[in-house]
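Asker: Note that my numbering has the sequence shown beginning at 48, numbered continuously upward.
Source of the hints: derived by calculation from the structure; they are not laboratory data.
There could be a bad hint or two in this list.
[Claimed, not checked] Derived DMTMM-like pairs (lysine to aspartate or glutamate); straight-line CA-CA distance at most 20 Å: (1) K67 / E54; (2) K68 / E91; (3) K183 / D165; (4) K145 / D127; (5) K68 / E54; (6) K67 / D80; (7) K67 / E82; (8) K68 / E95; (9) K183 / D143; (10) K83 / E95; (11) K183 / E157; (12) K145 / E157.
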Amino acid sequence: RVIMASEAGVLPVPEERIVKKWRLQPGRMLLIDLEKGRIVSDEEIKSEIATRHPYKSWLANTQLILEDLKPVEPRALRRDVSLLDRQQAFGYTQEDTKLLMSPMATTGQEAVGSMGTDTPISAMSDRSKLLYTYFK
Numbered sequence: 048r049v050i051m052a053s054e055a056g057v058l059p060v061p062e063e064r065i066v067k068k069w070r071l072q073p074g075r076m077l078l079i080d081l082e083k084g085r086i087v088s089d090e091e092i093k094s095e096i097a098t099r100h101p102y103k104s105w106l107a108n109t110q111l112i113l114e115d116l117k118p119v120e121p122r123a124l125r126r127d128v129s130l131l132d133r134q135q136a137f138g139y140t141q142e143d144t145k146l147l148m149s150p151m152a153t154t155g156q157e158a159v160g161s162m163g164t165d166t167p168i169s170a171m172s173d174r175s176k177l178l179y180t181y182f183k
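Could you put together the complete structure from these sequences and hints?
Answerer: The structure is reproduced here in structure tokens:
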């Protein structure tokens, strides 16, 4: 039996029946192996996944080093593209402009938008996202 709750003591369970009691921390994983009847540690999960494929050699064979790239000539600024089209091309919304960028431009201070988000991560989103959001 696995019991997970927002705090300890939510359900009455005798201490002798508790195998492990701890707080699941941000960035940590929990895996219960039902076939073997054991709790797999965060370190074991990540180690197994990290050693499953030759990621280091894949990276070495595909990584581009920016300093090794040839410089390119700057292009002339296109004047036939509206500001709105540019903002949309980079994934900015009217909400970003109104609630975040305008206050920063007028006051010089970082705007305080939503304190949380209920949107899916960029890779799972149906909407266009700014490139940097894929690396958060």
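Asker: Compare the distance between the alpha carbons of K145 and D127 with 20 Å, and conclude whether the hinted pair is satisfied.
Answerer: With Cα atoms ~24 Å apart, K145 and D127 exceed 20 Å; violated.
Asker: Within 20 Å, alpha carbon to alpha carbon, are K68 and E91?
Answerer: The hint holds at about 18 Å.
Asker: Within 20 Å, alpha carbon to alpha carbon, are K68 and E95?
Answerer: violated (24 Å)
Asker: Does the alpha-carbon distance linking K67 and E82 stay inside the 20 Å limit?
Answerer: Holds, because 18 Å separates the two Cα atoms, which is no more than 20 Å.
Asker: Is the hinted pair K67 and D80 satisfied, with a Cα-Cα distance of at most 20 Å?
Answerer: At roughly 14 Å apart (the allowed maximum being 20 Å), D80 and K67 satisfy the hint.
Asker: Does the alpha-carbon distance linking K67 and E54 stay inside the 20 Å limit?
Answerer: The given pair, whose Cα atoms are some 14 Å apart, holds under the 20 Å limit.
Asker: Would the hint linking K183 and D143 be met if the CA-CA limit is 20 Å?
Answerer: At roughly 18 Å apart (the allowed maximum being 20 Å), D143 and K183 satisfy the hint.
Asker: Please verify whether K183 and E157 have alpha carbons no more than 20 Å apart.
Answerer: Answer holds: K183 to E157 is near 19 Å, not above 20 Å.
Asker: Run the distance test for K83 versus E95: straight-line Cα separation, threshold 20 Å.
Answerer: holds (16 Å)
Asker: Given the hint that K68 pairs with E54, does the C-alpha gap stay at or below 20 Å?
Answerer: holds (11 Å)
Asker: Compare the distance between the alpha carbons of K183 and D165 with 20 Å, and conclude whether the hinted pair is satisfied.
Answerer: This hinted pair holds, its Cα atoms lying about 15 Å apart.
Asker: Does E157 sit within 20 Å of K145, going by the straight-line distance between their CA atoms?
Answerer: holds (13 Å)
Violated hints for the displayed structure, listed by number in ascending order: 4 and 8.
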